[in-house]
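S.K.: So the chains spell out like this:
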Amino acid sequence: MADPEAPRKAWMGLMARAPEGRVSALLDRASPRPAFTWLRAPEVGSAMVRGRAGGTGAPFNLGEMTVTRCALTLDSGETGHAYVQGRRKADAEAAALVDALMQTDAADDLRRKVLDPLEAEAKARTSARAAKAAATKVDFFTMVRGDD
Amino acid sequence: MYVAVKGGERAINNAHAWLAEERRGDPSVAELSVAQIREQLSLAVNRVMAEGSLYDPDLAALAIKQARGDLIEAIFLVRAYRTTLPRFGASRPVDTAAMACDRRISATFKDLPGGQVLGPTFDYTHRLLDFKLAAEGEAPNAPERDTTAEPVPHVTGFLNREGLIEQAPQDDTTPPDLTREPLELPADRALRLQALTRADEGFTLSMAYSTQRGYARNHAFVGELRIGTVPVEMEIPELGFAIEIGEMVLTECETVNQFKGSKTEPPQFTRGYGLVFGQTERKAISMALVDRALRWEELGEDNVGAPAQDAEFVLYHSDNIQATGFLEHIKLPHYVDFQSELELVRKLRREVEASDRREAAE
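Protein chains in written order, with the working numbering: chain A, 230 to 377; chain B, 44 to 405.
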């Protein structure tokens, strides 16, 4: 069964990883900011990141990363949450606004003007690195052995 | 013994002002920006993130600038900042099998699915100083090649299929956390791995090197070394599901070690594991070797008395902030301590001299 939360997970993750200032810039280009009240004002904290021994075994604590989170309610009633990487209160605010607006009639417009560009940019960054990595892949060949 | 004393305030303030001036250096030379450090001294940034135990490249770059390039001082700054952060939660364990690899090599298998990908490595450079870097040049461009979406499975997976390597079965116990509970012995493997991933690179390297030179030799091959980006997912209680909260570059090293078997285990390969923030491969390989050496007891090996087998020695001396804190404190005023030592030595001297005189008189 398809995960009903999958689209929301995808856009929240996309905004969490976006470069500094990018979500704000795209949101402001897309629409005027709606009125809202804070449920939780932006705050900077950390998340303990875990790995697994041997890649697959028992979990262990690897170290922390910085995270900024906030939550807000639009005057029209929708609640938006944001968790973004780093210390970026303005970006967390923009991400929470987009999260809330994606639950309104503005969703299609925002997908086109904010989420699609973010996704394309993330794909471009990943594929550029992958292409550079591929260029450093070793093609082994066996030298011909001289028999004379 | 510590005794509060007053005075020195003016000297301290002036010392700080001079420190700031020396940090800036010759003002006719352009000032370094934090972004320049983040982008152009990225391996120093990675080391500060790994040993500072906080993944935030901007903060690490700022710390390096503030510390005038003294990386242990920078790590100290990051550790201090870390303690001020509220913790929102713990991530799901990262899935390194799904890493977008910049580099992935194996010293044990030449032809393996996903191939040998060198990545941006120093390995095949000639270590000759490049004077072109002393002049301003155009930004270099790396070649690209079309990619095929090919999976890059862990090398240990192939050996697993033959049953020739120790398994690492998944388990989901909550690991102990040395940032919340003091590190106590015996330390299980999860706690050891946490200590090692934030351990001083130089210390870890030397411990690993000692095993290669014969102090608890464990015949390590680098089964796989991979560097790349993984997403980080965390459960968000208020949402009721997990989301990606970011991504990070990690270096992972899996060693494959010869093992003749023991009372409890058949002959097979065993494993050492290294996983470290950033592009930090010397550290990750060192971590894997030390992890393997510390596993002697659970694998039923003999304790040969080597330093790298001694969990207390390794874990209690690997943290450079603890070490430097204790080391550097001895330069701070110990006037009263020393005064009592001075009195003691004078008294002993008087006693020895008195007894010498008595002996001479007899």
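FYI, nobody ran anything at the bench for these hints, they're computed from the structure.
Since the model is a prediction, treat every value here as computed from it, not as a measurement.
Just to be clear, a hint being listed does not mean it is correct.
Said to hold, decoys possible - Reference excerpt, derived from the structure (chain A facing chain B, CB under 7 Å, subset only):
(1) G274
(2) N290
(3) L303
(4) R341
Glycine included, C-beta positions come from ideal geometry on N, C-alpha and C.
S.K.: Could you work out which earlier hints the structure fails to respect and list their numbers in ascending sequence?
M.R.: Violated: hints 3, 4.
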